[in-house]
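**Student:** Now for the letters of each chain:
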Amino acid sequence: MALATRQDTPPTRKPPVRHTSGLRGFWGSTVGKKTVMAVSGLIMLGYLVAHMIGNLKIFFGTDEFNGYAHWLRTMGDPVLHYEWALWIVRVLLLAAVVGHGVAAYQLSRRDIRARPVKYAHKRKRASYATRTMRWGGIILALFIVWHLLDLTTLTVNENAQHGKPYENVVATFSTWYGNTTYIVAMLAVGLHVRHGFWSAAQTLGVGNATRERVLKALANLLALALTVGFLSVPVAVMTGLVG
Amino acid sequence: MKLTLRVWRQKNPDTPGEMASYDVDNISADMSFLEMLDTLNEELILRGDDPVAFDHDCREGICGACSLVINGDAHGPERTTTCQLHMRSFSDGDTIDVEPWRASAFPVVKDLVVDRSAFDRIIQAGGYVSVPTGAAPEAHATPVPKADADFAFEHAECIGCGACVAACPNGSAMLFTSAKINHLNVLPQGAPERETRVLDMVAQMDDEGFGGCTLTGECATACPKGIPLPSIAAMNKEWLRANRKAKR
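So the sequences go chain by chain: A and B.
In this text, residue positions in the first sequence follow the working numbering: the first is 2, and each later residue adds one.
In this text, residue positions in the second sequence follow the working numbering: the first is 24, and each later residue adds one.
Bound-form chain A, shown alone (with noise of 0.2 angstroms):
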């Protein structure tokens, strides 16, 4: 190393780690967590395409859609009891979110520390689904709560009457902020699940360089087929169409 570079204390030498195996080796290693979050988000993903079809039942009128919110709680009769499975997806359902947010959150910090320096020149990053990630994924988990004390709970809708999810429907598109919420955060999801469906598949390494083409477009059709899917709800609603 020529002399004006070369540092007057030698580098340590320490000798290379080995890796830790089992579950903490796992959960310790950054790819180990991406997993959790591709596989988390897979789950989540699965879940909304589902989500999103039930919501189109609304187009079909009161009975049939409140006919399907009930069968959502009689499913799996009669193995299961009154609201079993309800409750099983529920609670897979907070598995995943747990995971997704606790691995994003310690995979966060550590990005963050492994740049702290930012270049003097700036310029934009990677496409705005991906540099929007951390935050819309904050914006999501805040609408998750606010979804559920709308139309779960039923605590922040005034007009709501328990066991009629149509009316409650309506009744939430039909304020400004209840609109308001839901598109940004249909936003949202199409824009995080744009590039987090191509991004698990990279990290559970079905991705290659033939099927990149065929990633990229499912995870645009996926983004959008949700957003206008989820859309279409309050749109009808706002346009008379539903009501």
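Note that these hints are calculated values from the structure, not bench results.
In this text, a Cβ means the ideal position worked out from N, Cα and C, and glycines have one as well.
Don't take every hint at face value.
Claimed, not checked - In silico contact screen, one side only, chain B against chain A (beta carbon under 7 angstroms); selected entries: (1) D117; (2) D143; (3) R144; (4) V154; (5) A158; (6) A162; (7) T165; (8) A226; (9) G234; (10) L238; (11) E241; (12) T244; (13) K260; (14) L263.
Claimed, not checked - Computed cross-link-like contacts, SDA-like style, restricted to lysine to any residue with a CA-CA straight-line distance of at most 20 angstroms: (15) B:K248 x B:E180; (16) A:K119 x B:P130; (17) A:K119 x B:S114; (18) B:K248 x B:S51; (19) A:K15 x B:S140; (20) A:K165 x A:G23; (21) A:K123 x B:P100; (22) A:K123 x B:G40; (23) A:K119 x B:A43; (24) A:K217 x A:V50; (25) A:K58 x A:T240; (26) A:K125 x B:P192; (27) B:K268 x A:W28; (28) B:K248 x B:P130; (29) A:K123 x B:D143; (30) A:K15 x B:D143; (31) B:K268 x A:V207; (32) B:K34 x A:G241; (33) A:K119 x B:D120; (34) A:K125 x A:R135; (35) B:K268 x A:G23; (36) B:K25 x B:C81; (37) A:K119 x B:E41; (38) A:K123 x B:N35; (39) B:K34 x B:D120; (40) A:K58 x A:L43.
Put chain B on the given structure of chain A with help from the hints.
**Tutor:** Okay, now just chain B, sitting in the frame of chain A:
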């Protein structure tokens, strides 16, 4: 050409640095970026100032020593190493920002020189094949399918310059580590250490304080050797496979 350079000057790892402005004149479009910096340094030496320290070695684009972030891009606007970047990529009167690789795992030694020994330790953790020494073995004794040979060669092109880390908003070394792992893991010579290699190299990469991958794709765009982004997916696949197989 007449240019204004804004260069990161930092006396040593413990002193805070800053961007300093220099005017350079009589720059030919045929000069390489490093030759342009040589011109600046000659002037600085004649003036009795401290020349700008930067890493360089072969100046042929194959050693991986040069390491400059030029106008926010690792190795500058062309897809090549800084030494192979020529001044014709710039225009007369341009202001050019020159900064060192930025990552906590690559601390600045002086000016534009960073300590990249973290990469050496990742290699030490598993970037090798253990073979008995002696006479060269018969080449046909170990057949390698053409597709595997191509895949290995594509990844063997990595020169370990660290542009991937510099370009990554998370300071992640995944593209480098994946190139080294994929290069050896696909070959029969690398097979005996296939699982420990990926597990140990990823563990070392994490231990060095590099960030995780968020698939922004900045690394593969910056890589002067064109290591593709799906390399990271291939490494993740190897890592998950090794986790399943390692119980023995």
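**Student:** Look at each hint and say if it fits the structure.
**Tutor:** Hint-by-hint comparison with the structure:
Given the 7 angstroms rule on beta carbons, the hint for D117 of chain B is violated: about 12 angstroms separates it from the nearest Cβ of chain A. Interface restraint check for D143 of chain B: the shortest CB-CB distance to chain A comes to about 10 angstroms, outside 7 angstroms, so the restraint is violated. Residue-level restraint check for R144 of chain B holds (minimum Cβ-Cβ distance to chain A is 6 angstroms; threshold 7 angstroms). Given hint, V154 of chain B at the interface with chain A, is violated; its Cβ is 19 angstroms from that chain's nearest Cβ, farther than 7 angstroms.
The restraint placing A158 of chain B at the interface with chain A is violated, with a minimum CB-CB distance near 30 angstroms, outside the 7 angstroms limit. At its closest, the beta carbon of A162 of chain B sits 28 angstroms from a beta carbon of chain A; the interface hint therefore is violated under the 7 angstroms criterion. Among the interface hints, the one on T165 of chain B is violated; its C-beta lies about 25 angstroms from the nearest C-beta in chain A, farther than the 7 angstroms criterion. Evaluation of the A226 of chain B hint against chain A yields a held restraint, the C-beta minimum of about 4 angstroms falling below 7 angstroms.
Interface restraint check: G234 of chain B against chain A, minimum CB-CB distance 3 angstroms, threshold 7 angstroms, status holds. Checking L238 of chain B against chain A: minimum C-beta separation of about 4 angstroms stays under 7 angstroms; hint holds. Taken as an interface hint, E241 of chain B checks out: its beta carbon lies about 6 angstroms from the nearest beta carbon of chain A, inside 7 angstroms. For T244 of chain B, the suggested interface contact is broken, since its CB lies about 9 angstroms from the closest CB of chain A, more than 7 angstroms.
With a cut of 7 angstroms, the hint placing K260 of chain B at the interface with chain A holds, because the nearest CB-to-CB distance is about 3 angstroms. Proximity of L263 of chain B to chain A holds as hinted, the smallest CB-CB distance being about 6 angstroms (cut-off 7 angstroms). Distance check on the hinted pair: K248 of chain B and E180 of chain B sit about 6 angstroms apart at the alpha-carbon level, within 20 angstroms; holds. With a C-alpha separation of about 13 angstroms, the suggested pairing of K119 of chain A with P130 of chain B holds against the 20 angstroms cut-off.
Of the pairs offered as hints, the one joining K119 of chain A and S114 of chain B is violated, with about 26 angstroms between alpha carbons and a cut-off of 20 angstroms exceeded. For the suggested pair K248 of chain B and S51 of chain B, the alpha carbons sit about 26 angstroms apart, so the restraint of at most 20 angstroms is broken. With a CA separation close to 11 angstroms, the supplied pair K15 of chain A and S140 of chain B stays within the 20 angstroms bound. Taking the CA atoms of K165 of chain A and G23 of chain A, the gap is near 48 angstroms; set against the 20 angstroms cutoff, the hint is violated.
Distance restraint check for K123 of chain A and P100 of chain B: the Cα-Cα separation of roughly 14 angstroms lies within the 20 angstroms cut-off, and the hinted pair is therefore satisfied. In summary, the hint linking K123 of chain A to G40 of chain B is supported, as the alpha carbons are separated by about 18 angstroms, within the 20 angstroms threshold. Under the criterion of a C-alpha separation no larger than 20 angstroms, the hint pairing K119 of chain A with A43 of chain B is consistent with the structure, at around 16 angstroms. Distance check on the hinted pair: K217 of chain A and V50 of chain A sit about 18 angstroms apart at the alpha-carbon level, within 20 angstroms; holds.
A hinted pair counts as satisfied when its Cα atoms are at most 20 angstroms apart, and K58 of chain A with T240 of chain A qualifies at roughly 17 angstroms. Under the criterion of a C-alpha separation no larger than 20 angstroms, the hint pairing K125 of chain A with P192 of chain B is consistent with the structure, at around 11 angstroms. Distance hint between K268 of chain B and W28 of chain A is fulfilled; the C-alpha atoms sit about 17 angstroms from each other, no more than 20 angstroms. With a C-alpha separation of about 24 angstroms, the suggested pair K248 of chain B and P130 of chain B falls outside the 20 angstroms cut-off, and the hint is violated.
Restraint check for K123 of chain A and D143 of chain B: not satisfied, since their Cα atoms lie roughly 30 angstroms apart, outside the 20 angstroms limit. Straight-line distance between C-alpha atoms of K15 of chain A and D143 of chain B comes to about 12 angstroms, which keeps the hinted pair within the 20 angstroms bound. Using a Cα cut-off of 20 angstroms, the hinted pair K268 of chain B and V207 of chain A holds, with the two alpha carbons roughly 18 angstroms apart. With a C-alpha separation of about 69 angstroms, the suggested pairing of K34 of chain B with G241 of chain A is violated against the 20 angstroms cut-off.
In summary, the hint linking K119 of chain A to D120 of chain B is supported, as the alpha carbons are separated by about 13 angstroms, within the 20 angstroms threshold. The straight-line distance between the Cα atoms of K125 of chain A and R135 of chain A is roughly 16 angstroms, inside the 20 angstroms bound, and the hint therefore holds. Using a Cα cut-off of 20 angstroms, the hinted pair K268 of chain B and G23 of chain A holds, with the two alpha carbons roughly 11 angstroms apart. For the hint pairing K25 of chain B with C81 of chain B, the CA-to-CA distance comes to about 27 angstroms; that exceeds 20 angstroms, so the pair is violated.
Taken as a hint, the K119 of chain A and E41 of chain B pair is honoured in the structure, with Cα atoms around 12 angstroms apart against an allowance of 20 angstroms. For the proposed pair K123 of chain A and N35 of chain B, the alpha carbon gap of about 24 angstroms is over 20 angstroms, so the pair is violated. The hinted pair formed by K34 of chain B and D120 of chain B meets the criterion: a straight-line CA distance of about 18 angstroms does not exceed 20 angstroms. A hinted pair counts as satisfied when its Cα atoms are at most 20 angstroms apart, and K58 of chain A with L43 of chain A does not qualify at roughly 24 angstroms.
Checked against the numbered hints given earlier, the structure breaks hints 1, 2, 4, 5, 6, 7, 12, 17, 18, 20, 28, 29, 32, 36, 38 and 40 and satisfies all the rest.
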